[in-house]
Structures are given as structure tokens and as C-alpha cells.
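Residue strings, one per chain:
2 protein chains.
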Amino acid sequence: MFDILFKNACIVTMNDSEPVIESGYLGVTGKKISYIGKAAPNDKGKREIDCKGNILMPGLINAHTHTAMTLLRGVADDYTLNEWLFNHIFPIEAKLDSRATAIGFTLGVAEMLSYGVTSINDMYFFQNDIIRIAADIGIRGYFSNGIVALSPDYDFYKDRSIRETLEMLEYDLPDRVKPQLSIHSERTSEPYVWDMAVEFAQKHNITMHIHLSETLSDHTECIKKHGKTPAEVLSEHGVFSVPTVAAHCVHVSESDMDIMAKYNVTAVHNPVSNLKLASGIADVVAMQRHGVNVALGTDGVCSNNSHDLFEEIKLSALLAKNKHSDPSLFTAYDALKLATVNGAKSQGNYGVTGQLIEGYEADIIMLDTQKVQNQPVHNPISSLVYTVTGKDCVLTMVQGKILYENGEFMTIDIEKALREMKEYALPLIMG
Amino acid sequence: MFDILFKNACIVTMNDSEPVIESGYLGVTGKKISYIGKAAPNDKGKREIDCKGNILMPGLINAHTHTAMTLLRGVADDYTLNEWLFNHIFPIEAKLDSRATAIGFTLGVAEMLSYGVTSINDMYFFQNDIIRIAADIGIRGYFSNGIVALSPDYDFYKDRSIRETLEMLEYDLPDRVKPQLSIHSERTSEPYVWDMAVEFAQKHNITMHIHLSETLSDHTECIKKHGKTPAEVLSEHGVFSVPTVAAHCVHVSESDMDIMAKYNVTAVHNPVSNLKLASGIADVVAMQRHGVNVALGTDGVCSNNSHDLFEEIKLSALLAKNKHSDPSLFTAYDALKLATVNGAKSQGNYGVTGQLIEGYEADIIMLDTQKVQNQPVHNPISSLVYTVTGKDCVLTMVQGKILYENGEFMTIDIEKALREMKEYALPLIMG
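Protein chains in written order, with our numbering: chain A, 1 to 431; chain B, 1001 to 1431.
Certain hints may be false.
To be verified - Cβ-Cβ distance ranges computed for the label pairs, FRET-style:
#1 A:408 with B:1088: 40 to 48 Å
#2 A:16 with B:1016: 14 to 22 Å
#3 B:1080 with A:228: 53 to 61 Å
#4 A:241 with B:1018: 56 to 64 Å
#5 A:410 with B:1038: 38 to 46 Å
#6 B:1018 with A:262: 53 to 61 Å
#7 B:1325 with A:98: 53 to 61 Å
What the hints assert, rightly or not - Far from chain A, by Cβ distances over 10 Å, these chain B residues were calculated:
#8 1022
#9 1050
#10 1171
#11 1192
#12 1193
#13 1278
#14 1422
To be verified - When the alpha-carbon atoms are kept at most 30 Å apart in a straight line, the in silico DSS-like pairs for lysine-lysine are as follows:
#15 A:422 with B:1391
#16 A:391 with B:1158
#17 B:1032 with B:1323
#18 B:1323 with A:323
#19 A:7 with B:1046
#20 A:32 with A:44
#21 B:1158 with B:1178
#22 B:1422 with A:401
#23 B:1052 with B:1007
#24 A:52 with B:1391
#25 A:416 with B:1178
#26 B:1391 with A:7
#27 A:224 with A:178
#28 B:1323 with A:371
#29 B:1032 with B:1007
#30 A:371 with B:1095
#31 B:1422 with B:1371
#32 B:1158 with A:371
#33 B:1225 with B:1178
#34 B:1052 with A:416
#35 A:371 with B:1401
It should be emphasised that the hints constitute simulated quantities derived from the structure, not laboratory data.
For each residue, glycine too, the CB sits at the ideal point set by N, CA and C.
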């Protein structure tokens, strides 16, 4: 007996050997996919869900985000990067406390679950509290607070980021949520801090999350200061010897790509954020040709202003085609891989999530492709990339547990979160 | 007594003197807006709609589309332009008949209405039949069938496009639907055809719809053939003396922009389609600096694959910022104008539609900004451009008549259209 049996589903497996099962069955037992195929299985399900021809696919992985920034959605648009950060975002963020951050995180995770995101790499504040909320809600993810070490009397072990990470390491957490270490970026710390961070990460066996060559000045100022690119100088200090997720990578050089490929660094493409802040367009095609694993992220909602990863999927295909003046380049399937199998690789979960294969963990979403706005569907992969959006997601499951279905959240009290946003969080940060 | 009174609405008027009324009332009488303001009016409404803080705004104008191509959604992606057109699209389109086209049009209009589009500039086939369907459904728009005159024995008055236009001119149609003449593009006809088209348009007092410098080869091949750019040679033949909507304009030169501004030619920006076919990114900022009216379109669904104009609004802002490496350029408000007031200008409807102002026709849409995915709303204009999508539209009104509300279509039998798509149209074109 399956816990859940999906019937009459168009299954987009993201398994290269059979990417699409036009009409099939998918059984879930406990946390795992226990059956997948065209033929009806012998067993029944405790619950059987008729998909009515809708698409099942792996849950999306948002490989770079700052979830709790949801509170700041639309608070400051259309400014230059420095004015945006220093005059708007930082002053507001300085007022955040743990409770407001938790409210913002809860709202952001709700949005993402409703859009089919099942796992995140989250970099923000108060992660020692946030990770417990994530554990309770049921989403998968890595949690870090980026090290910013600009003060001359910086003390690594007094750094809030390190203290939060140490606290997270003490917790008894489910295997799907994990602390991560984060060096915010090359330009916000000195090499001795990276050396300590590498030692810390290795000692505690945790992975790394960093912003890399996001803007042209990030890249060129580093060359001025260190005589080397950020990727070069970070790799020389052993940072990439720790499994690393590097966000943005808009201005990495071809030799940086070789370094990233050598050390299995994942580049996270954030096309909406990079366009909105006019940072440029990362060359996903070149990165992949150099062997770099490329995943996809929304970045914080404040520079987006949405957590809809389907928008990033479509845009990644459109921008890659246009950048190389070739519409046949970077197909729909290539784009869909960024947010699924490549996202899983960014989390060390290749073989565990990111594809629908028997024995894999059941991180699954269902998209309504039967509605008039999405019809006809000549090709399911095309539909998912170029037509469907997060708002077509009707079911989100993580490790076999349904967290969202048809507008309802199973583990989040949305009315309460919205009320607390209005009564507590917004007055605190905007007052 | 109003026919409809909207209460408790955040009204985005797109009227520069007061773009946003944070909480107000909007009354509709007959086809027109008869009240708008912060204060409650003295009159009641036959129907009163509590907007619950949601946003009312002008209906969107999709200034360049091929609506019935909805049938071909996702039928051929990721091909080079010539392979796409000649090996995939044209052979399928050759099989279309009037009935299948009508089914595709009906589905495409349903999608657009549900996404908040109230008016279209539509270029496709069987427009003599399509325009009557548009009249019945209640959408606003211009309808043309592009002249393609490549045959050596081309006969203007035997051209299907001209015959369809003449037939439309015979009809007794509501004032919101109008025939238009269309020269498909410079490269698909000879100057003597343009001369005849200009004479025809002037004689019948109709406007013009054309593709202009969409691809680099459209532009450079014309220079090779005529020694002039498409805009130069067309304007010299008097084409722009007819009010003209020019789609794409990706490769127009700065002097072309001056010509377009001089003749009040509207450029229609189609960012998704231009990226997907790798045609390039039109320079909206430069066009506006030269005084060109820039509107927005989805193009056909086959090169998109969606009719969500909100996606184009967001992308127009993102691409303009990145193209000019300045995130403060081309604000959210600038982007929203493309799809509203500038779209109205493209249809000769400035002062009639595209803004919410007393006395204007009531083409109005409502967006649900209260749902968790769109919260918080720090700035309504930002919300509409960067967060909201067509799927947040909950009400669409044209000339005071509600055509779509909360998933229901008032003038379209969707089940029938989907059934006829499956039973008639798809077997015909894919068989």
C-alpha cells in the first residue's frame, strides 16, 4: 500500500533516459518515491490523487535566496545599487529582530511552497531561529548568515554569523535542514577571515555559500586589491575546497569558470535580480561548456520582486539564446535542469532529489496545465518552461509530505503570519 | 445611480497628475467612468463591488499579437528563426481554416481577458470572421491580415488580406472593433504594393500595422536592396502618413527613430519574443528619448509562449535598466505606461482609454494584491510591475461591461472552445 498514489499524471522525470512519461503513475511510501511508471502498480494508495493529465515534476530548488526579505518587497525599486543598499535596504534591515525576520521568512516560504519550491539555499539573519521554523514547516534547505568582516577589530568567534552557525550545529534537526557557512563575498572580508572560515567549515563538515563577481566592480576592485579575480583569490585560500554555492557569477572570467569546474563550485544564476540591478547577464552557456554546475535562484524578493522560480527558468532560456544570438541554444530542457537536477547537485543531493526516480526522496510538485491559459500542451517540457508559472502549482510535497495543496498550506498559519506582518513586522522596520 | 460602483479600491489611474489613489471609489455608468475619487460619491451603484484594498487600473493593451496562434503554443521551440518559420509554423498555418482559427482566437482572447488585456492589435488570418467574434466577445481591438506579396503575379485586389479588409469594412461593427490594414513587413513586398496599400488605407480611412526591423537581417537586407533602412524606405513611400503601429523595432537606427517620432509611428516592444527568437533587445529608452511612442505586445503565443502582458511589462523595465547599466533608468511607472497610456495612443485612443479618468471609457481591471504571494505592498506601482502577473487579475471590464470575473468568462463558452480545440482544430493542423 502506497501512502499516496498519483494517477493519470504527465510525469516529467528530469531523468535523461526517459524525461517524460506522458501518462503514468507515481507512488510515494514514507519519504520516498516507491513506484513510477506507465503501467498501474499492483498496490493501491491510502490516498489516491487523480492528476487529470496535469504535470508532476521534481520540486524546484531555489539555490540562492534571502527569504525573509519578503518583508521588503517593493520597498525600494529603481535605485542604483549603492543608493539601494546603503540608503534603503541596510537601514531597514538594521531594525529587524528575530520575530520580524521569522514572520518575513514564513511569508516567503509560503510564497515559495505555493510556487513549487521545495528546497532553498537561504542566506540571511537570525538563522539560528529561522532553521527551526524551516524544520517545522517542512521545507528542505541550507541556512547561513553571511560573514561581513569590515571592522578593524573583527573577531571571528564573536561574529553573529559564526555564533548563529554554532548554535544551529547544536540542534537536533531533521536531515533536510542544515546549517551552512557563508562568507558574504570577497569584498566584505579579508583573506585571514577566509582562512578561519575554511578551517571552521572543515572542522564542522559544513558547506559554503558566497556571492561571487556579482557586479563588474566586485570583480575589478578585487583584481586591483589582490591582483587576482575573486574566484582566483578565494580558491587560493582554500575556500573552494569546501563544497561551495556561488551566487550570481555575472562577471567571472573563462579561467574562473575552469577553477569553478575543477572544484565543483555551483554557480547560481539569478537573472531577474541581475537585470533589475543592472549587474549584467551571467553567461550560463559558457559556464556549462567549462563544466560548471549552474543552478538557479530568485535572490531576495527585494531585487526581484517575486519568488517565482518558473520566471527565472523561462528567463534563463530567453537570455542565453539572445546572448549568443542563437534561438536553438539552451533548450527548454536545459533551462529546466537548472532548477531541478542542478539545484540538487548544489545541495549535495544528486541521486536524492531533483529528479523523479524510484528510490529518490519524494520532493514533488503538480502543475495545472489543463486550464485554458495553458492549453494546448504540445510539449510538456515547453509548457513548464515557457508557459507555466508558479501560480499554476497546485500541490507541493517535500519528503513525501504535502505542504501545499490548492491554495491551502498544511503547516503554515497564513492568516496569523499576515496579521503579524501588519501588526508587528512592518511597523518595526518602516517606523 | 451608477451601473457599477467599486469601493475600497487602490486606484492606479496612470494619470500623471495623481497616479495613485490609495483608497477610493470608482463609478461606471454605461460605457464610461462617471466618478473617481477618494471620497464616497453621493450616488449608490446598482452593483457595488468591495475591492478589499485590491488594485484597479486601466485594462492592458496588447499592441502586437497574432491571437489565434494560441493553437500552436509550444508546437516548435528552440529552433532558429528560418527553421521555425518555414519548417514548422508555415506548414501548420497552411492547414488552418476559418473555424480552427476562430477556436484559436477564442482561446487566446479568453487567456488575455483573464490576464487583464482589454484591447489588442491583432494580425492574423480569416480576420473577416475573427472581427465578428471579437465584436461578440466584447474585447476592443484592431484586426488585420498582413500583406505578403512575394509572387511575381501578385494582384493587390485579389490578395486575401485586402479582400478580408474590404469585407470587414462592409460590416456594421461596434466602435471598439475596427479593421486595420497590414503590410506584413518591408521584406515581404515591393514598393508598388506599399503605394497601393497607402492609397487603400487613405481611401478607407484605416490605420496600418507592420513588422519593422525585427531581425538584424530584416534591417541589413533592406539596406542592401533599397540603399535605405526599412523605416526610411517605407516612410518615403508614404506608409507612415497613415497612422502606423510598427512591431518589434529591434534594429531601428537613431535616425529611424527620428522618422518614427516625426510621423507618430508607435513602436511595439515585444521583449519575450525578441529574446526567444534571439532577435535582440529593442532600445526602448533611446526610442523614447527620440520622442517615439512605445507600446507593448506579446507577439504570437508561439514565440512566447504566453499572452501575459504583465510579464512583458516587468521584462521591459529589467531589460532597459540592464541595457543601459543603470537600475534607476526606466522606472516601474515608465514600464506600466507602455501597456496602458502608450497602448491607447497606438490605437488613437489617447483621452479615451489607457487611463482611469472621469469621462474616459471604462476599460478597467482588478488585481488581487492581498494574497500572500503579493504581500506586503509597499508601493502599488512597484507591485503591478515587479510582482503581480496576469494570473492575479480577478476582474476585466471593457466599455463598462464585465467580461471576466474570478475565473468565469461572461461571453465565452470555454468548455466548448476547449472541446472544439481537441476535436476539430488540433487534429486539423497537427494531422
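Against the structure, the hints come out as follows:
no.	hint	result
1	A:408 with B:1088: 40 to 48 Å	holds, 41 Å
2	A:16 with B:1016: 14 to 22 Å	violated, 54 Å
3	B:1080 with A:228: 53 to 61 Å	violated, 40 Å
4	A:241 with B:1018: 56 to 64 Å	holds, 59 Å
5	A:410 with B:1038: 38 to 46 Å	holds, 41 Å
6	B:1018 with A:262: 53 to 61 Å	holds, 58 Å
7	B:1325 with A:98: 53 to 61 Å	violated, 38 Å
8	1022	holds, 14 Å
9	1050	holds, 18 Å
10	1171	holds, 28 Å
11	1192	holds, 33 Å
12	1193	holds, 29 Å
13	1278	violated, 4 Å
14	1422	violated, 8 Å
15	A:422 with B:1391	holds, 25 Å
16	A:391 with B:1158	violated, 47 Å
17	B:1032 with B:1323	violated, 40 Å
18	B:1323 with A:323	holds, 12 Å
19	A:7 with B:1046	violated, 47 Å
20	A:32 with A:44	holds, 16 Å
21	B:1158 with B:1178	holds, 21 Å
22	B:1422 with A:401	violated, 35 Å
23	B:1052 with B:1007	holds, 8 Å
24	A:52 with B:1391	holds, 21 Å
25	A:416 with B:1178	violated, 51 Å
26	B:1391 with A:7	holds, 27 Å
27	A:224 with A:178	violated, 36 Å
28	B:1323 with A:371	violated, 36 Å
29	B:1032 with B:1007	holds, 17 Å
30	A:371 with B:1095	holds, 25 Å
31	B:1422 with B:1371	violated, 34 Å
32	B:1158 with A:371	violated, 40 Å
33	B:1225 with B:1178	violated, 34 Å
34	B:1052 with A:416	holds, 18 Å
35	A:371 with B:1401	holds, 24 Å
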